[in-house]
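**Q** Protein chains in written order, with the working numbering: chain S, 4 to 377; chain A, 137 to 529; chain D, 8 to 79.
For the record, the hints were derived by calculation from the structure and aren't laboratory data. The reader is advised that the hints may include incorrect statements.
[Unchecked claim] In the SDA-like style, the derived pairs of lysine to any residue whose C-alpha atoms are separated by at most 25 angstroms in a straight line are: (1) S:K39 - S:V93; (2) S:K112 - D:A11; (3) S:K308 - D:D23; (4) A:K270 - A:K142; (5) A:K142 - D:K31; (6) A:K482 - S:P181; (7) S:K112 - A:K186; (8) A:K186 - A:L141.
Since the structure is predicted, the reported quantities are computational estimates derived from the model, not experimental observations.
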Amino acid sequence: MKIDKSQISGKQFMFMVAFFLQSSALLTSFLAGITKNEAWIPVVIDIVLCIPLIFLYRTLMVMFPEKNFLQVLDEVYGPVVGKIIGISYVWFFITLAAVNLIDIGDFAKITFTTETPRMVPTLICVLVTVWAVRHGIKVISRYSKLFTIIEFIIVGVSIVLLFNQMDFTNLLPVFTQPAIKYVQSVHIIATIPCGELVIFLMVTPCMKKLTPRESTKYWFGGVAMGMIVLLVVLLRDIAVLGKALHLFTLPGLVALRLVNLGEALSRMEIIFAVALAMLLFFKITVLCYVSTIAVAQLFGTTQYKRLAVIVGILIMAYAPTLYPSSVEHGISAQTIVPFIWTPFQILLPLLTYILAKIRKLPKAITPAVKKQEV
Amino acid sequence: MHAHLKRMVTIFLLLSMLIVFLTGCWDSRTIEDQLILTGIALDVADDPGKISVTAQAANIQQGKAGSGETGGEGSNESIVMKATGDSLTACLTELDRDSSQKLLFHHNQIRLFGIELAEQGIKKHLDLIMRDQKARLEVPIAIVDGRGEEALTAKLSEMPLSGLFLGNNFEAQSAISPQYRVRLIDFVQRLLDGTAAPVIPIIKVTGEDDKQEIKMAGMAVFHDDQMIGRLTNEETVGYILSFGNVKKYNIVVSDGQNQAGLHIATLDCKREVTLRQDGGIQVSLTITSVVSVSELHGFKEMKPPELLKYLENLAQEEIKNEITDCFSVAQTLDADIFGFCTMVSKKYPKQWNEMKERWSEVFSDIDLSIQVKVRIPETGQIVQSLEMEENMK
Amino acid sequence: MVWAVIGGFALIALMDFLPLIRRKKWRAVAAFVCTFCAALTLEVLMVLNIEIPSVMSAWESFIRWLGMGYAA
């Protein structure tokens, strides 16, 4: 059963993955808080460690090219267990979307619209998001290509503007923290930017037919672009802010505030705001889309467009219940969330793959077996 | 027709929503309702444990009487307000309460601390500034030799708003060396370092009545957040030279009877730290500089080629002496203002863990070697001075 | 404020729920009703300032009970 009949190319998928990862580059405070000015070391380690994880997602996509992840779960675990795991994934997608919605609301509230109730920017974001979701993955992916390039330009420009303020010795010393800090940071990066890519397994049926080689190329191409931006942004922030990096909730914003190249080129934090709005909006849109598809899949319906608005409103209503404050959100992201996300992002996909291999799935699909569309 | 109507209704609803949500009513700020802060100063108050805050704002409505502010002073172009309280928050609340306009921090040009407050410690007074999204961390900070409010109430002939004057002055000084302009973020980074001694410029208000001036009076040296000593303007030269990145700065060299003014076009300093066998450290500063001759007094006996060589040697000696003198003062104050400890912690992290507890001891025993290489490629519009010309006849 | 929320939800139901019923898409109706009830309940509770227990706090307690989780 194909819920969304629109199709995207491999290249569009690659830019979606890259843009999705880039959105984590602007909210690096939860990384910096642990290893401080050595936060770049876990990112470098994760670039290597996440290769098998990305390969696992790519393999699941190649093994089940016509099925989204919830359909894969049904096939591998059976209809009952598959549905139960599917429900947990629906919760996972909705929670991810809600958490990112909190970020955009918090950012607007803290920095620019301090008097405006938090609900206003989040409602506006959700309304535009559901509008995009109703038009399908094709529209969402068109946004990603252009804006990935814009994001690269923004990061490049910010580095040029801040070059006179960078002290690369701030990246030193290395490996002076207790080992558990590096383990914690690596775990966080593996789950929060990288592991979240599991959501793209819900987009599999919308992909135009790709060879395994092409799948590898687009998956890893997207991840490479995203992780490079994450690393470069972190290096920039560490070089500029040095030991003060971990104090700030938005280090990128503070760094860009320090731009001072003559009278005209100063106070460039607007670049950060524009980039954050673009990136977080896209991330929320993809997560909202995936949540809507997941809900539709759970109930076995193709009418996802009619569910988009109510799922968006559910995400918006659910978001404020997650954390009482941004401080607890940050602490949770550092200490607990990696453990919550690990089963959804690493253990279950791995188990699914192993079981599929053992059961020699997928079986060949005959017209008699193919489910009728509802 | 039905689809067309639906489309029209949707567009109408969307436009209505946009009008409501994008006009920014909640967060609207009109300029008439704002007091644009140009400078803020913190001092000890008469009541022990309290602080006094003086805020200088630009008067954008010059025709009106001074807005009825608390303790209002200042020229027509500026409004000066004062408040006393237990904390910066309490003082700013009092200022806001007693004003018909809201303080706008976004364009604050300078943050000042009175010398007495600096000696007591300023860390806790930085919390609001660091926390508030409106307050900017790139604003320079300075210590006032006296009370901070003196600098904000000073009547300068150059500029009516002393806050703006100081902001521009420090900006101009930073073109010579970034060390002259200490931003709050720079001070915080030094504070967080733990061992390096933060340094903040000192200013002094001189003159009387309408002919007041604000002059640079050296640098305040801190231990953690408390001021423990100072560098004079002359000692400050050694400090800025040791960091390199100096441009467009003038030094005067002499050998008794003869004197030369030299203009440093560029000066770079490469700093290297190595461990000694006995557990101490050796610091070597390698300075390269391009200098031009700006003024010559004397040197009648010399011909131009040998003069340039001679001046280079004098300049090298002068630069070395400036840095050495400043280093002696830093050792006397037991304040690592040069950040050598940071260099050691980055290059030798393992040894630093053992060394940081006895850093005072190590700092007092540092082996400082300074190599200076000066090049004088040109002498201005003339080569020989008039005195030299006379001697050659 | 509660009436504004109920009004908003009524509008959503009008827009999306009625067409599903008209077209007899019962699975979609079931999906919509479940999501609608959950969203409406959460919004009304929030508007009435009734504290909603946090799912993430429950997870935190569970993770800590398992002896996992990093030190804060």
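**Q** Does each hint hold? Answer for all of them.
**A** Against the structure, the hints:
1. S:K39 - S:V93: Violated: K39 (chain S) and V93 (chain S) sit about 34 angstroms apart, past 25 angstroms.
2. S:K112 - D:A11: With Cα atoms ~23 angstroms apart, K112 (chain S) and A11 (chain D) stay inside 25 angstroms; holds.
3. S:K308 - D:D23: holds (9 angstroms)
4. A:K270 - A:K142: Since the Cα atoms of K270 (chain A) and K142 (chain A) sit roughly 44 angstroms apart, the hinted pair is violated (cutoff 25 angstroms).
5. A:K142 - D:K31: holds (22 angstroms)
6. A:K482 - S:P181: It holds: about 17 angstroms lies between the C-alpha atoms, which stays within 25 angstroms.
7. S:K112 - A:K186: violated (32 angstroms)
8. A:K186 - A:L141: violated (67 angstroms)
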